[in-house]
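Heads up: the protein sequence lines correspond to chains S and Z, in order.
Per my numbering, the first sequence runs over residues 784 to 1033.
Per my numbering, the second sequence runs over residues 246 to 414.
Note that these hints are calculated values from the structure, not bench results.
Computed from a predicted structure; not experimentally measured.
Please note: incorrect hints may appear among the correct ones.
Listed next, with one range per pair, are the computed distances between beta-carbon atoms [to be verified]:
{"no.": "1", "chain 1": "Z", "residue 1": "Ala-322", "chain 2": "S", "residue 2": "Gln-1025", "range": "11 to 21 Å"}
{"no.": "2", "chain 1": "S", "residue 1": "Pro-860", "chain 2": "Z", "residue 2": "Gln-323", "range": "34 to 44 Å"}
{"no.": "3", "chain 1": "S", "residue 1": "Glu-819", "chain 2": "Z", "residue 2": "Thr-310", "range": "29 to 39 Å"}
{"no.": "4", "chain 1": "S", "residue 1": "Glu-999", "chain 2": "Z", "residue 2": "Gln-323", "range": "45 to 55 Å"}
{"no.": "5", "chain 1": "Z", "residue 1": "Arg-265", "chain 2": "S", "residue 2": "Lys-900", "range": "24 to 34 Å"}
{"no.": "6", "chain 1": "Z", "residue 1": "Asn-339", "chain 2": "S", "residue 2": "Asn-786", "range": "35 to 45 Å"}
Where a beta carbon is used, it is the ideal one built from N, C-alpha and C, also for glycine.
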Amino acid sequence: MTNHGDIAEYALRLGDDALVHGQRLCEWCADAPFLEEDIAIANAGLDYLGRARMLLQYAGSILGRSEDELAFLRDAPEFRNLLIVELPRGDFAFATVCQYLLDEYELLFFEALTNSKDETLAAIAAKAIKEVRYHQRRSVEWMRRLGLGTEESNRRAQAALDELWGYVAEFFDADELETRVIADGVGVDRSALEVVWRDRVGDLLDEVELSLPGDEWQVSGGRSGVHTEHLGHMLGEMQFMQRAYPGLEW
Amino acid sequence: MAAAASIPIMPEARFALNQRRQNSQFAELFDLLDAVKDPEIPVLSIWDLGILQDVACDAGRVEVTITPTYSGCPAMAQIAEDIVACLADAGYDNVDVTQRLTPAWTTDWIDASTRKRLREYGIAGPDSAVCPQCGSSDTSVISEFGSTSCKALLRCNSCLEPFDQFKRL
Chain S
784 MTNHGDIAEY ALRLGDDALV HGQRLCEWCA DAPFLEEDIA IANAGLDYLG RARMLLQYAG
844 SILGRSEDEL AFLRDAPEFR NLLIVELPRG DFAFATVCQY LLDEYELLFF EALTNSKDET
904 LAAIAAKAIK EVRYHQRRSV EWMRRLGLGT EESNRRAQAA LDELWGYVAE FFDADELETR
964 VIADGVGVDR SALEVVWRDR VGDLLDEVEL SLPGDEWQVS GGRSGVHTEH LGHMLGEMQF
1024 MQRAYPGLEW
Chain Z
246 MAAAASIPIM PEARFALNQR RQNSQFAELF DLLDAVKDPE IPVLSIWDLG ILQDVACDAG
306 RVEVTITPTY SGCPAMAQIA EDIVACLADA GYDNVDVTQR LTPAWTTDWI DASTRKRLRE
366 YGIAGPDSAV CPQCGSSDTS VISEFGSTSC KALLRCNSCL EPFDQFKRL
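Pulled out of the complex, with its shape left as it was, chain S reads as follows:
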């Protein structure tokens, strides 16, 4: 029987991934290369926001806190998201490569989470996986266009890949809490996803004429609340209204 606190923390981690990434995607609203892409990114952002709400509601139901409290009243060290999602959005190539790496990871992760012994997590995963398939289809198309497009698009995509690569190790790390929820059949053993993920990503990079970076450096810390300096700035904007007008409702 899994400890409820563990499940809450696990849901919070996944919720934070979705919330922070969704917020970053929304920063593209009105700023994408063209109108249709603007709408597409905002749409994907909305999927993440919806997923974040479901997960934070679930975590909050165990912790006795509302989804809004969790989203708007925690400071950076209390956030548990993967570092890769909090990085500044960068240029369109950076956002695209980031989304692609994340999509391939999420395809494997949520597919596996649909088998969770925790019914709520399994249900959220079943919902999420359908949306992730759409996201991945779009990001693969963009990877092709950027990799095989012009010299500049290829150069920018490669630069993004080189910069992002040090953050992907965190996709497959498990700490003690995660090891416990995996043993209980609630969580996903992410280390088991790495080989397939590397195969798929490697194949696509090969196809689109981008080179797989070496594993020269790796950072992690998001799951234990050790973040980059960027998260605080992002929260400063995201949480401003609730901080300035506590309890504000639309």
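Once you've looked at the hints, dock chain Z against the given chain S.
For chain Z alone, kept in the frame of chain S given last:
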């Protein structure tokens, strides 16, 4: 065999949903809720779209179960409010709207007659890339993500008009 192939086959998931309504002891509540439309597609009700999953009433308390099409669909809040208002008009003051995620929403819940009305409204169905304006099948995808979470944006190469398509999910 050619004639048989043209008979629209109701997906199993939709059949199960219809059975639930037919066998329900609260048929009049289902009927009332036919008045609740999707805020983005006012020609279709939440029942047509498979958003309305179940209705039950116990000791004067009505429980309406709905399922979101997409995780972040902003219409869900509006739909929940519309359900409460619709039932309040009929004298039901104690209404709870709950969201259920399992089974996850699927376009299989949209049956043939609903797809026809979607097309007449200008939106291609989830398995059709035919232009709802001129009927041409010479169309191309502009963006997989359209004006709302549930739609993609296509263009007709014959009449040159853009149109929405319900994404297959």
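Worksheet item: Of the hints stated earlier, which fail here?
Response: Violated hints: none at all, because every hint is consistent with the structure.
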